[in-house]
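S.K.: Here are the chains, one letter per residue:
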Amino acid sequence: MDTGEIVFMDQLPDILQTLVFGLAQGGIYALIAVGFTIIFSSTEIVNFAHGEFVMIGALVSYWLIMVLGWPIYLAIPVAMAVAMAVGIVLGWVLMRPLKESSPVSLIIITIGSSMLLQGIASMIWGKDPVNVRSFSTVESLSIQLPIMQSGTQQPALLIVETQQLWILGIALVVVTALSLFFKYTLVGKAMRAVAANRHGAKLTGINVSRLVYGAFAMAAAIGALAGAAIAPLSSGFYNMGTMLGMKGFSAAIVGGLGNFPGSIIAGLLLGVMEKFGAGYISSAYKDAFAFIIILAVLIISPRGILAFRKRGKS
Amino acid sequence: MNTRNIQVFAILVVVALTLGALAGCGPKPTTPGDQSPTSPYVIGAVFDVSGSGSPLGTPEQDTAKMMEKEINAKGGINGHPVKLVILDNGSDEAKSLTAMKKLIEQEKVVAIIGPSQTGTTLSGASAVEAAKIPMVSCAAGVKIVNPVQPYIFKTAQSDVHAVAKVIDYLKEKDIKQIALISVSNPFGDSGKEQLKIQAAPAGIEIVSEQSFQGTDTDMTAQLMTIRKTKAKAVICWGTNPGPAIVAKNMATLKIDLPIIMSHGIANSKFIELAGSAADGVVFPAGKLLIAKELPDTDPQKAVLLAYSESYKKEYSKEADTFGGHAYDAFNIVCDALKKVGSDPVKLRDEIENTKNYVGISGVFNFTAEDHNGLAKDAFAMVTIKDGKWIPVK
Amino acid sequence: MKRFIASPLFAALCGLLAIILIPECVANNYQLGVLIFIGIYTLLAVGLNLLMGYAGQVSLGHAAFFGIGAYTSGILTTQTHISPWLAILIGIIITSGVALLVGIPCLRLKGHYLAMATLGFGWIVYIVINNWKSVTQGSSGITNIPNLSIGPFQFSSDISRYYLVWGIVIIVLLLSANLVQSRVGRALRALHRSEDAAASLGVNIAWYKISVFVLSAAYASLAGSLYAHTVNYISPAPFGFIGSVEIVVMVVVGGMASIWGALIGASSITLLVEWLRALGQQNPKFQEFEIIAHGAILIIVMIFMPMGLTVGIRDSILRFFQRMQKKLAVAAKEKEQVTK
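Chains as they are written, first to last, in the working numbering: chain Z, 2 to 315; chain S, 21 to 413; chain L, 119 to 458.
Hints were generated in silico from the structure; no laboratory data involved.
Incorrect hints may have been included.
Claimed, not checked - Some chain L residues well away from chain S (every beta-carbon gap over 12 Å; in silico):
(1) F155
(2) S201
(3) W203
(4) I208
(5) R301
(6) E313
(7) Q455
As the list claims (entries may be wrong) - Once the Cα atoms are required to be at most 27 Å apart in a straight line, the calculated DSS-like pairs of lysine-lysine come out as:
(8) S:K252 <-> Z:K128
(9) S:K250 <-> L:K251
(10) S:K396 <-> S:K252
Ideal Cβ placement from N, Cα and C applies to all residues, glycine included.
Bound conformation, chain Z alone (with noise of 0.2 Å):
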């Protein structure tokens, strides 16, 4: 073994514990995401206001779960559904000045109802941020590795928190679930011919409004869940919503709006890199290390990373 090599093997159980830490984080992220994508899909508006869903997720399981003692298994299907009401809501709206606007000013009113929510949510919730219990009861694993830690004779060992896998098995599931829905079933085939062509989908009779409010309320239960997911670790409080939402936004365009297993891709590549950055270039120029290479990726594939596959069809 020569040196370098031996400085790998030190690194490696941190590099791996980051790679972990980071693709939890990643896992949220890319959930974020996907909602993006469901409903820029099947209306090309881009909603400022998702973050808000996630917000709503975290909160109201909070209330369920801390404050009213509801089971967790009870608590995050209502949350869920909760949210789903005001992404239903949220469509509703959009859909109403929908002729003669610009996409921008769609995009205000998202930013306006990011507004009006958050302001509800402090007036119910206060603006303090809250803390969620964990869903499991053991709250974190202990994997040892078959390595040793550096400058000891123990091993390594490579810690896991439980609701960090709970994340990770979510996003899995959401990701299966969707990708099945939009192969088979008619519902998520329609809403595929709506993102590919909005005319062509509606002269064959898809009724494009309920597919619309059908994507909203996917996208906002999808993001509840997320903060339902996130706030047992990192607390959920009335603006939380605003930088997670940027985030997911960012890994949706990265990902290629409207690509999805691109912005799960890109998702759990802006968490990992975060905490590499973090970790080991500098945690004060963290997210603009993350922003960098966006931006990067942006310009040498315009149409966000997997645009290189599509090319050959269209």
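Given chain Z, work out where chains S and L should sit, using these hints.
M.R.: For chains S and L alone, coordinates are given in the frame of chain Z:
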């Protein structure tokens, strides 16, 4: 009428509406120089009630309202009732400046208390100076009073003293290497700066400097970097929810180092958020947290107990240090009003003369060079055990 | 005469008259302070309006240019004691340079991808301002930024700042109105409708896009410098993502593709905030509803006036006149019938 004419017309309509709107929020007919013995003293307040500063601004606003009620129930100041006009600046610097101008110009306030944060205070500083109206800020940043500006004071303890207390603690425990993780906002930056200034003379080395954003949800990467260093203790400087996440992440990563935090976590929210990970965290705090445990000889004890009792009675929740800053600011202004009346220049001189005012954040002694007026004994080191605060012996 | 009334010069003269007269009606520094901010936001909105409304390019990072201008002024005038005017000029040059560097690769992107790139750029600038402590003094900001001055005269009073800012605003508005009417403006509009068509007619798309981007960045830089010299303090806070979104809101609410829309957007959003706060002050219970009302008003305006206030107000005035005309016509007809 062609399109362009109408456009010009539309502009004129908007100009007219602007004028109307401005006149609408314009001054009510006041009679300047109304010095009748029962005319109210108008005190202005600007707090960061909404936006990023709301955890600070909300208790400050509540406290100020409570104080107004209390003082008027006692018959006001020398027979003058006190009228408090509170404006929310939305934690925005430009809006904070306009709010101060509004108080000065339209409400004709004699003094301003607040705002809650360093940036929102400093953005209004030059306007307040120009208008020669005393302002007693509730924000922590050293820049507010250094360099001293004649009309600007503050009641929140400066980080200088909090850091001094932390350094004393480290010396006592013989900890020579520390790692620092701070939030990327004025609170964290100012703490970091002070630690860098004060650590070296005390023979303490900062082996790692990490930071996080106020909205970050996970700090494990920074903590793993710290784990690799020779640090013997972790210092975390931030406000909720960041420090709670740091404490939880350290527990998860099984990093078994002493954690020392800042007065930014001196509230029950931190214990609620961090749960069992809060146990063993040591931090400098205003004495409000441990009021009951203080010896009876402590001059602040009575004031602290009275404040936390009346706050709890009024709002049925625990008082916190931020509200205490507003309490002190309000009382300092009122004490000065009692002595010299409402002339802003005399009022400023009197505020600067405040001596031995026993408040929530400490015992204040303002001088021409020191517009914060506190010493490091304004802080006590506190630790958390089983979800309760206890003084460090 | 008719042509004169229809020219931007006439509008500008009207505006000038209004600007001179306004301080006669509003006497106090609070109102002047609000008007100064409206002027600064108008500069920001005009620039972004040229970019969004005429060239059809969305920028979600415009506050970054605002910040670069403000920080160049702030740093140079507190560290080196050069003339603030020179600092403003240097700010504009630096900002334009940055815009050029960012614009060349980014403006190849379209629609939402461009929005994302500008968002990322804005975020990077914000982080650098926050963390480059040796130069920017980090998040606690730069204090004691001097006033602008001409000779011994200091722009320290609100009234003098008001005239200064609005003098600049009028010049910028006039310049922009002329630009829009010129060949360049026509090229930009063509570009907005259809890039391919414009290109086939020989419009150099890339060049026009980049120049508008740089121009709007220069306006933002100018606005930033004025902000620094009127508040005398800057910190990174106003120059983040939320700041960028606020400028977009002003542009869209005012009405895109209209120079005057920028003015209307900046004033209505700024006044809305002040008005809501005044309501909150009179009725403390309303305070909690401020942000909710703000959001709701944005939604309602955009639903009923999706083209923005300028077009919205114009259309409703037009409709009013049409209705009047119709009524008059009906009345005339009725009269005729009666006389018959």
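S.K.: For Q455 of chain L, which was marked as not at the interface, is the minimum beta-carbon distance to chain S over 12 Å?
M.R.: holds (29 Å)
S.K.: For the pair we were handed, K396 of chain S and K252 of chain S, check the Cα-Cα distance against 27 Å.
M.R.: holds (24 Å)
S.K.: Could you grab the alpha-carbon distance between K250 of chain S and K251 of chain L and see if it respects the 27 Å cut-off?
M.R.: OK: K250 of chain S and K251 of chain L at ~26 Å, within 27 Å.
S.K.: Is the claim that E313 of chain L lies outside the interface with chain S correct, judged by CB distances over 12 Å?
M.R.: holds (26 Å)
S.K.: S201 of chain L clear of chain S by more than 12 Å, beta carbon to beta carbon?
M.R.: S201 of chain L is indeed farther than 12 Å from all Cβ atoms of chain S, at 20 Å.
S.K.: Far enough from chain S: is every CB of that chain over 12 Å from the CB of W203 of chain L?
M.R.: holds (20 Å)
S.K.: May I ask you to check that R301 of chain L keeps its beta-carbon over 12 Å from the closest beta-carbon of chain S?
M.R.: At roughly 19 Å from the nearest Cβ of chain S, R301 of chain L sits farther out than 12 Å, so the non-interface label holds.
S.K.: For I208 of chain L, which was marked as not at the interface, is the minimum beta-carbon distance to chain S over 12 Å?
M.R.: Non-interface label on I208 of chain L holds, nearest chain S Cβ at 23 Å vs cutoff 12 Å.
S.K.: Please settle this one: F155 of chain L was flagged as non-interface, so is its CB more than 12 Å from every CB on chain S?
M.R.: violated (6 Å)
S.K.: Can the restraint linking K252 of chain S and K128 of chain Z be considered satisfied, given a maximum Cα separation of 27 Å?
M.R.: violated (35 Å)
In terms of the numbered hints stated before, the structure departs from hints 1 and 8, listed from lowest to highest.
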